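Chain residues, written in single-letter form:
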Amino acid sequence: ETGVTQTPRHLVMGMTNKKSLKCEQHLGHNAMYWYKQSAKKPLELMFVYSLEERVENNSVPSRFSPECPNSSHLFLHLHTLQPEDSALYLCASSQDSQIATNEKLFFGSGTQLSVL
Amino acid sequence: AQKVTQAQTEISVVEKEDVTLDCVYETRDTTYYLFWYKQPPSGELVFLIRRNSFDEQNEISGRYSWNFQKSTSSFNFTITASQVVDSAVYFCALSEAQNNDMRFGAGTRLTVKP
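Protein sequences appear in the order of chains B and Y.
Residues in the first sequence are numbered from 3 upward in steps of one, following our numbering.
Residues in the second sequence are numbered from 6 upward in steps of one, following our numbering.
FYI, nobody ran anything at the bench for these hints, they're computed from the structure.
Looking from chain B toward chain Y, a few residues come up when the C-beta cut is under 10 Å (computed):
(1) Leu47
(2) Leu92
(3) Ala94
(4) Gln114
Simulated crosslink set (BS3-like; lysine-lysine; CA at most 30 Å straight-line):
(5) Lys43/Y x Lys106/B
(6) Lys106/B x Lys42/B
(7) Lys43/B x Lys20/B
(8) Lys43/Y x Lys118/Y
(9) Lys24/B x Lys43/B
(10) Lys75/Y x Lys43/Y
(11) Lys8/Y x Lys43/Y
(12) Lys118/Y x Lys43/B
(13) Lys75/Y x Lys43/B
(14) Lys43/B x Lys8/Y
(15) Lys118/Y x Lys42/B
(16) Lys8/Y x Lys106/B
(17) Lys106/B x Lys21/Y
(18) Lys43/Y x Lys43/B
(19) Lys42/B x Lys75/Y
(20) Lys24/B x Lys43/Y
(21) Lys42/B x Lys8/Y
(22) Lys75/Y x Lys106/B
(23) Lys21/Y x Lys42/B
(24) Lys21/B x Lys42/B
(25) Lys24/B x Lys42/B
(26) Lys42/B x Lys20/B
(27) Lys43/Y x Lys42/B
Since the model is a prediction, treat every value here as computed from it, not as a measurement.
Beta carbons are placed, not taken as given, at the ideal position from N, Cα and C, and that holds for glycine.
Make the full structure from the sequences, and use the hints.
Written out as structure tokens, the structure reads:
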């Protein structure tokens, strides 16, 4: 148990659906992250939030829309996705958003997303 | 641009064998940090170790050891006397001091057979 909880664990959606991924951290951290893990590809950083402000947006398509209502919760809203968006979406948290100075990121177990 | 290469896609060993996972990195920064994470079947990545670019001392933690060689830009990870519970995907990652991004390698899937 890492203190980072993601729901749902699995999600199947059509290309016209709208769905949301949820992440909650119980560690009192100030920064939260969304990563995408595709088969046989390195993890890709999508978004970084620090104290509820977005500090990084790595050229992610607008069909992915993050939301951070408070420092404990992070959402990823999905709409009109493509089959190539099928992947494991991982949420992580850290004490602050300076990744290089942090001891470690704490990851959730991810949401396995399949887009049909 | 920072880059991490894990050339071994999959490794399979028999329990009690030693195994080394390779990691080679590229960076132009003189201050950077290297990490190893373990991803068991449950999905969450678990932090194993963090080293900074100024500390080349090798580290041992139980059956795990890490060999950091700046001359070859490598940060290899060795598991001694492997166990079935070591089966997982292992990721090497690099973070430069000025960047707010941790770059991961593609991962090495380790299978330890009984």
